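Okay, here's what each chain looks like letter by letter:
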Amino acid sequence: DSGVTQTPKHLITATGQRVTLRCSPRSGDLSVYWYQQSLDQGLQFLIQYYNGEERAKGNILERFSAQQFPDLHSELNLSSLELGDSALYFCASSAYLAGGKVYEQFFGPGTRLTVL
Amino acid sequence: GQQVMQIPQYQHVQEGEDFTTYCNSSTTLSNIQWYKQRPGGHPVFLIQLVKSGEVKKQKRLTFQFGEAKKNSSLHITATQTTDVGTYFCAVIRFNKFYFGSGTKLNVKP
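Line by line, the protein sequences are chains W and H. First residue of the first sequence: 1, per the working numbering; consecutive thereafter. First residue of the second sequence: 1, per the working numbering; consecutive thereafter.
Rather than coming from a laboratory, the hints here were simulated on the basis of the structure. A few of these clues could be false.
To be verified - With a Cα cut of at most 25 Å, we get these calculated BS3-like pairs of lysine-lysine:
#1 H/K36 / W/K9
#2 W/K57 / H/K96
#3 H/K70 / H/K56
#4 W/K57 / H/K70
Said to hold, decoys possible - Coverage of chain W stretches by chain H, computed from C-beta distances (three or more under 8 Å per stretch; other residues unrestricted):
#5 55–61
#6 105–112
Quantities reported herein were computed from a predicted structural model and do not represent experimental measurements. Positions of the beta carbon are idealized from the N, C-alpha and C atoms, including for glycine.
Could you build the full structure based on these sequences and the hints that come with them?
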């Protein structure tokens, strides 16, 4: 158990819909990262938040957005869903990322999104 | 563009054989991390390398960072069925994490 929780575990929805994925980082971790992993694919970095502020943006579509709340949990919002958005979405947290010092990421169990 | 290339994509070995996966970058890296993802699971951090020429060992796993800090390898000696999974390298540039495409290891008992 990494200490990172994600809900829901599975999500099935239809094209055009909007969903929200939730992530609670490990206690004390200020950084939250979101990744997309399509079937048998690598991990695509979407976005990172640090202590409530957006820190880095990867290949995140305009239809997707995220935020980190004061209690440090984070939500990833996916709208106008398309079939191609079906994937495993991972959240990860780390202690800190500053001054070139990088800490390991702890991944949650993921949310499997199926768009029909 | 591709930040880090990882090869091979797949590796099938007989239990007891060795296994190596490689990550290569066209630019100098400040550090590199390695993760393992079991089938149906989530990535789990294995190690981070930061120094040129660094070699670290974890039981049967040996991690190397190239002298030029442009490549890295993970070597498993005498694989076991518990080693099955996908091994990813990850690099960080401008606060963004870039994962290699992964090497999927299958170990036949």
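Results of checking the hints against the structure:
no. : hint          : verdict
1   : H/K36 / W/K9  : holds (20 Å)
2   : W/K57 / H/K96 : holds (7 Å)
3   : H/K70 / H/K56 : holds (17 Å)
4   : W/K57 / H/K70 : holds (24 Å)
5   : 55–61         : holds (count 4)
6   : 105–112       : holds (count 6)
The structure is consistent with each of the numbered hints, conforming to all of them.
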